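Novice: Generate coordinates for the entire structure from the input sequences, incorporating the hints supplied.
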Amino acid sequence: MIELDNVAYSYGGGELLSELSLQLAPGSFHFLTGPSGTGKTTLLKLCYGALRPTAGQARLFGTDVREMDRDAVAMSRRRIGVVHQDCQFLDHLSLAENVALPLTVAGEPISPQDQNLRELLGWVGLTSRANALPPELSGGERQRAALARAVISSPEVVLADEPTGNVDWEMSQRLLRLLVELNRMGVTVLIATHDLQLIRAAKSQVQARVLRIVNRKLQSAGVDL
Amino acid sequence: MKVSLDTLRALGRGDKAGDRVVPPTGFTARLTVFVAAAMAFLAVFALALSLAAGRLATSWGEELARASTVRISAPSGQVATQTEAALRLLQQTPGVASARALSEAEQQALLEPWFGPDLPVTELPVPQLIEVTETPEGYDAAGLRLRLQAEVPGAVLDDHARWRKPLVAAAARLKLLGWLSGLLIAAAVGAMVTLAANAALAANAQVIAVLRLVGATDAYIARAFVRRFTLRALSGAAVGTVLGVAAVALLPSGGETAGFLTGLSFRGWHWALPVLVPVLSAAVAFASTAVAARRVLGGLS
Chain A
2 MIELDNVAYS
12 YGGGELLSEL
22 SLQLAPGSFH
32 FLTGPSGTGK
42 TTLLKLCYGA
52 LRPTAGQARL
62 FGTDVREMDR
72 DAVAMSRRRI
82 GVVHQDCQFL
92 DHLSLAENVA
102 LPLTVAGEPI
112 SPQDQNLREL
122 LGWVGLTSRA
132 NALPPELSGG
142 ERQRAALARA
152 VISSPEVVLA
162 DEPTGNVDWE
172 MSQRLLRLLV
182 ELNRMGVTVL
192 IATHDLQLIR
202 AAKSQVQARV
212 LRIVNRKLQS
222 AGVDL
Chain B
41 MKVSLDTLRA
51 LGRGDKAGDR
61 VVPPTGFTAR
71 LTVFVAAAMA
81 FLAVFALALS
91 LAAGRLATSW
101 GEELARASTV
111 RISAPSGQVA
121 TQTEAALRLL
131 QQTPGVASAR
141 ALSEAEQQAL
151 LEPWFGPDLP
161 VTELPVPQLI
171 EVTETPEGYD
181 AAGLRLRLQA
191 EVPGAVLDDH
201 ARWRKPLVAA
211 AARLKLLGWL
221 SGLLIAAAVG
231 AMVTLAANAA
241 LAANAQVIAV
251 LRLVGATDAY
261 IARAFVRRFT
271 LRALSGAAVG
281 TVLGVAAVAL
291 LPSGGETAGF
301 LTGLSFRGWH
311 WALPVLVPVL
321 SAAVAFASTA
331 VAARRVLGGL
341 S
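The listed protein sequences correspond, in order, to chains A and B.
According to the numbering used here, the first sequence is numbered sequentially starting from 2.
According to the numbering used here, the second sequence is numbered sequentially starting from 41.
Rather than coming from a laboratory, the hints here were simulated on the basis of the structure.
Be a bit skeptical, because a hint or two may be false.
According to the in silico footprint, chain A covers these stretches of chain B (three or more CB under 8 Å from chain A) [to be verified]:
# : stretch
1 : 60-71
2 : 242-249
3 : 320-333
A quick note: this is a predicted structure, and the numbers were derived from the prediction, not measured.
Backbone N, C-alpha and C define an ideal beta-carbon position, used for all residues, glycine too.
Specialist: Right under this line is the structure:
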């Protein structure tokens, strides 16, 4: 679905990632780890077309990112749900409207009372906050709302950047369970995190591959966690 | 082009959800509406000025094209001979379409307002008048005067229409200035909307980033802004136009003897023309927002 082939990315002078290859197969569950500043977020951005590799090839659903125009990238976003590290919302719209935003911009708006939307909000435990504005939400609520928004258009891939960054252990477990549940429904999941405890917790629930960025390259980290 | 057509269609249809994705910005919105209204008000005056100047140029032009006169004052015995000589000469002059000596009855009619109907024209040394009609190219007045002087000593060319020429030119220029003002007003509306749209796009950079993230195309994002600015320009210009037309309608009229100042108004079907002002303002706003949005969005990653 998403393939990186010998990809390099450099900001200005220094090369952040080089000779990096990754294949996200349908239904797979990946963790991406490594210390802060090693390029986890950059790698995720390469995976959803927000950045274009400076060398090598990135393919989204079989199409080279270099050959995709801005509209094609926008269309591919409808098949990739992204949970940002700093979840951004439209602050003037209610939580329910924000969660439904991917459908709105795709030209299939649904009402805040829509059954599927209510079920989704229930699934992430935000039913009672449906009418709240994003600035009124706590960190954990924002993370869960971002997850709900990422999955409302039934994406084939969910990319999550530190989805448990701002939440306590209890909440991070809950978010993880939601992602594992999605994966069981056939969704490909890639989670970037430096939280090794979370990865350990996941291993008991799902067969996950753990990737680590070391020296600008991607390594498979297995048993040593 | 496809984007614009889609946008036009969406404009007509209206899109509540699409409108809501961009937060409302009260102050800029009111400024845009105000400037559109002010510009529309001015545009109505520029339009009225152009149309009035056009009417003036036409009516003066028609009088100018009509005629000039040759007047023959000679001792009574020579009038007939000199008239014939002058007519012959005029018929040979390039630029003269026709020359015709006025009959006694016509001369009497001309004098009647001043001397009353009982004036015995034949017994008075009233000069003979020759009506000269010019071709569109006109004749060489100085040359004709010299030749008349040489061959018909009693003839005086009364070139009474000539003084109107600079006035017609001035009226035509005024008309041109009116249209030019209209163009400048349209350009100013375009510039104002472009600035406002750029400000709105910059102020909503985060909104645009979120929309891109969830899969909105540039056309969708642009549409939200274009629709907003087009409707603002349309409503503002509509108010300005109504006020402008009312102001023109309330100008005191000079009636039959209308001069230029009192003639500054619309006539007949011209009253329908100001309707174009809001439509054009909306079109200008539509185009300039679309261009601004495309430029800003195209520059994003």
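Novice: Each hint should be assessed against the structure and marked as holding or not.
Specialist: Hints and how they fare:
1. 60-71: holds (count 4)
2. 242-249: Coverage by chain A holds for the stretch 242-249 of chain B (3 residues, Cβ < 8 Å).
3. 320-333: violated (count 0)
The structure fails to meet hint 3 from the earlier list, while all remaining hints are met.
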